[in-house]
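For reference, the chains in residue letters:
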Amino acid sequence: MSAEPITTFESSLEEVGVELVRTSTDQFESTLIPLLSTPAVGAPLPFENVSLPDAVETDPGVEELEAAKTGVTAAGYGIAEYGSVIIQGGPDGEEPASLYADEHVAVVAGSDVLPDMDATFDRLAEDIRSDAGQAIIATGPSATADMGALVKGAHGPVEVTVVLLEDR
Amino acid sequence: MSVDTRQRKAERIRHLLETEGDSVHKNTQVFNNGRYESTADLEDYEELKDEARAIKEDAIERLPELVNQVTETVEANGGTVYIADDAADANRYVTEVADGRDVVKSKSMTSEEIEVNESLEASGSDVWETDLAEFVLQVADEAPSHIVAPAIHKSREEIAELFNAYFEPEKPLETAQELTQFAREYLGEKFVDAEVGMTGANFVTADTGTLALVTSEGNARKCVQATDTHVAVAGVEKIIPRVEDLQPFVELIGRSGTGQDITSYVSLFTPPGDSPTFDVDDELGSGDEREFHLVLIDNGRMEMREDDQLRETLYCIRCSACANSCANFQHVGGHAFGGETYSGGIATGWEAGVHGADSAAEFNDLCTGCSRCVNQCPVNIDIPWINTVVRDRINRGKDGDLDFLVKGLTPDEEPGGVDLQKRLFGNFDTLAKLGSAFAPLSNWVAQAGPARSLMERTLGVDSRRELPEFERESLVEWFKNRGPQVDPEEARRQVALYPDAYTNYVRTERGKAAIRVLEALDVRVDVPSAGESGRAPLSQGMVATAQSNAEDVYDALAPAVAAGHDVVVVEPSDLAMFHREYERLLPEDNYTALKNHSYEILEYVYGLLENGADINALPDGDDMQIAYHSHCQQRTLNLEPYTLAVLEDCGFDVRTSDVECCGMAGSFGYKSEYYELSIDVGETLVDQFTTENTADRTVVASGTSCLEQLDALLTRRPAHPVRLLDT
Ligand code: SF4
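Residue numbers (UniProt numbering), protein chains in the order written: chain F, 1 to 168; chain E, 1 to 727.
Among the hints, erroneous ones may be present.
[As the list claims (entries may be wrong)] Calculated cross-link-like contacts (lysine to any residue; reagent style SDA-like; alpha-carbon spacing at most 25 Å):
| # | chain 1 | residue 1 | chain 2 | residue 2 |
| --- | --- | --- | --- | --- |
| 1 | E | Lys-26 | E | Glu-683 |
| 2 | F | Lys-152 | E | Arg-156 |
| 3 | F | Lys-152 | E | Glu-683 |
| 4 | F | Lys-69 | E | Asp-279 |
| 5 | F | Lys-69 | F | Pro-39 |
| 6 | E | Lys-433 | E | Glu-456 |
| 7 | E | Lys-26 | F | Ala-149 |
| 8 | F | Lys-69 | F | Glu-4 |
| 9 | F | Lys-152 | E | Glu-157 |
| 10 | F | Lys-69 | F | Phe-47 |
| 11 | F | Lys-152 | E | Glu-37 |
| 12 | E | Lys-512 | E | Glu-456 |
Because the hints were derived from the structure by calculation, they are not lab data.
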């Protein structure tokens with residue numbers, strides 16, 4: 001994958017108030033730890049040789065979920081043009097972990113950053129046809145303007161950070 | 001309409017202007033500006049709109065087939081599909097599924113349409129709206145005032161007051177942040193307790209049974225994740241063929257609505273989903289047993305599909321652009337500009353289709369046909385036309401068909417039931433002819449006190465408005481006596497100047513100026529005697545009369561067109577008739593011929609200058625300071641830039657307004673029930689022309705209505721821009 005979508009991805013993320021943190025398989029854990037506020041929850045990551053530190057609870061109960069400061073999950077892919085990540089929710093609990101914590105940390109492989117919506121929908125269609133039950137195109141933190149002014153953090157996270165595995 | 005009804009309407013509007021107008025205006029303005037900015041960044045905006053339109057056309061065409069397909073897919077996925085004929089049928093099914101269990105809901109206008117909350121509550125369920133705006137309305141016990149941001153009429157202060165009184169928190173809530181946090185926590189418990197999650201769906205794909213939900217708060221995700229029964233309620237028109245078809249909509253819907261490139265969450269659920277859910281013992285348990293029910297609602301939609309005029313409504317993706325770009329909506333909001341459920345421009349189509357003509361009749365006249373929404377609609381719906389058609393049907397007192405369009409009945413065959421006020425304005429041509437023939441006597445009589453109060457009582461013509469003053473000598477008569485001044489042999493071009501009713505009888509000076517300016521640029525001008533374009537009757541919903549006028553105008557102009565001459569129009573609303581509405585009123589060839597040969601006056605001057613005419617034949621603006629208000633329909637046709645360019649090239653220093661409409665909109669501002677709204681809208685324009693930078697500028701405006709409105713509200717006397725070029 002050329003560097004171009006990543007650069008676009010980074011600036012699009014910045015526009016929606018999301019920081020992009022670059023790392024590699026080796027450095028993943030040391031990159032992630034300073035990003036965590038505890039209690040932290042998460043869902044197991046699908047990348048080989050990349051796993052979550054013990055501080056991250058991957059089988060939380062309702063209370064732990066609601067108290068969580070950070071939620072770490074993988075994101076299936078990113079959309080460079082929009083600064084979005086696709087959260088694929090399944091039995092491992094990506095959906096609750098990415099939704100209830102104050103901050104969502106989404107881990108994306110560099111090769112999964114797609115340039116635009118066209119490419120994204122080609123891939124989404126393929127995934128949905130092969131039974132992906134849920135894909136959330138998430139862009140920035142949850143937000144509302146319903147209370148008379150724009151507020152970041154409505155029912156979902158207040159903050160989002162994307163960790164990019166550059167060598168994946 | 002009786003005097004009392006008019007008064008009640010006026011009072012209701014006044015009340016809403018006072019109580020809700022400011023909030024609605026502020027918020028719709030943000031959406032409206034956001035949409036202009038966000039769509040400007042989208043390179044293939046027009047292509048995406050065309051693509052979206054084509055997908056919807058195809059889907060509605062094949063709807064029965066797609067309903068079958070989606071039923072099969074959802075069932076193969078392990079869910080259930082129920083096709084509900086009407087609201088009662090849908091509610092019966094949903095309450096059976098809920099079976100008294102607690103329900104958390106995300107925002108869904110379709111669920112408002114069927115009023116499912118009432119049914120669920122009656123059957124013992126607790127129902128919680130979890131979209132924060134809907135939650136505010138649930139607490140306040142009020143109806144939505146906007147299809148996307150339902151509590152848009154409420155300010156932060158009002159919400160704080162409401163919450164503090166209702167929930168009595170220990171520390172009174174004040175900021176938007178505090179209010180949001182409070183609601184999040186309050187509803188957090190409801191998510192844990194509820195067993196049924198109800199959502200709407202912005203789109204449903206037939207090939208995979210996927211629901212697309214466009215949201216920002218994350219509550220729809222929680223409604224699905226936190227419960228073990230998911231009920232999605234959607235109109236049948238929400239089905240599109242394939243997942244890939246979602247793409248243009250995903251790129252357009254946020255931009256068109258709230259002006260965001262994309263909303264925080266576009267959720268694609270292909271239920272039943274298997275995310276872990278909340279167990280009774282507060283653990284996260286397996287989501288494998290989740291049930292899914294898709295309730296597809298007909299409630300009049302299949303009939304709309306058969307209706308050649310209302311069918312387009314079904315393409316609507318409920319983005320709200322037609323509300324946000326509407327000057328009347330911006331000022332008064334959906335509690336006036338809306339029916340039982342839906343609000344904004346397209347609501348007329350929805351209400352007529354799902355609740356019936358009576359609900360549409362309540363607010364349909366608030367669409368003035370300014371057409372500002374037309375280019376904003378992501379699926380290219382001709383929203384003003386739908387409003388016109390429904391108005392015509394209301395005039396006819398029944399859900400009439402438009403067969404007469406084809407059969408070509410005469411204007412005299414407007415049904416007897418047409419409101420007198422509408423008849424008066426619809427026949428402006430006749431009125432103007434008489435007024436001119438008896439001027440100045442007719443002007444004196446009309447302006448006199450007794451006549452005005454009679455007009456107000458019988459016709460609803462507001463006595464606070466000055467009436468147009470008719471000229472004794474019409475433009476056509478003046479020209480007949482004067483004759484053309486440029487030799488056809490030496491002329492650069494030959495032009496038929498269309499004498500619209502205002503230019504012909506009321507503002508003849510701008511017609512004369514237009515003629516002299518064209519002649520200064522070596523154009524031979526003729527002024528054929530052609531009648532009113534049909535704009536006046538059309539705006540009253542008198543389609544048959546409009547069509548008959550259109551045919552007469554075409555006959556009057558056809559010889560010039562056939563001879564290869566150009567038709568030049570001073571009044572933008574009449575040019576817009578030629579370019580837009582005539583497509584529906586004239587045979588295709590005639591429409592195309594006239595459209596291709598007709599131009600707005602300054603657009604034409606621009607063309608002449610571009611093609612070699614000598615700008616020195618026009619006066620030098622010498623940096624004269626001008627404030628220019630283009631006309632709504634002129635801007636929809638993208639013609640504002642020509643006036644601006646010509647004035648600037650001639651050396652004028654020009655500032656422009658950016659309001660959507662002046663508020664006068666033909667007859668609208670004369671009507672006593674709408675006078676105050678019209679003034680309220682006009683004040684926003686006046687604000688732009690009374691800033692430090694504009695207060696001393698000479699005011700010009702292209703439309704007659706805009707000139708009347710500005711004349712009434714400013715102390716400076718405005719004129720048509722062509723008069724600046726007349727020596
Ligand atoms: S008619 Fe068009 S602009 Fe209006 S809400 Fe529907 S899709 Fe949006």
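Quick rundown of the hints versus the structure:
About 15 Å separates the Cα atoms of E/Lys-26 and E/Glu-683, which keeps this hinted pair within 25 Å; it holds. Using a Cα cut-off of 25 Å, the hinted pair F/Lys-152 and E/Arg-156 holds, with the two alpha carbons roughly 16 Å apart. Our distance criterion of 25 Å between C-alpha atoms is broken by F/Lys-152 and E/Glu-683, whose separation comes to about 34 Å. As the CA atoms of F/Lys-69 and E/Asp-279 are separated by approximately 22 Å, the hinted pair is consistent with the 25 Å bound.
Taking the CA atoms of F/Lys-69 and F/Pro-39, the gap is near 6 Å; set against the 25 Å cutoff, the hint holds. For the proposed pair E/Lys-433 and E/Glu-456, the alpha carbon gap of about 22 Å is at most 25 Å, so the pair holds. This hinted pair checks out: E/Lys-26 and F/Ala-149 have alpha carbons roughly 11 Å apart, not beyond 25 Å. At most 25 Å may separate the alpha-carbon atoms for a hinted pair to count; F/Lys-69 and F/Glu-4 exceed this at roughly 33 Å.
Taking the CA atoms of F/Lys-152 and E/Glu-157, the gap is about 19 Å. The hint holds against a cut of 25 Å. This hinted pair checks out: F/Lys-69 and F/Phe-47 have alpha carbons roughly 23 Å apart, not beyond 25 Å. As the CA atoms of F/Lys-152 and E/Glu-37 are separated by approximately 21 Å, the hinted pair is consistent with the 25 Å bound. The straight-line distance between the Cα atoms of E/Lys-512 and E/Glu-456 is roughly 33 Å, outside the 25 Å bound, and the hint therefore fails.
Going through the hint list in order, the structure does not satisfy hints 3, 8, 12.
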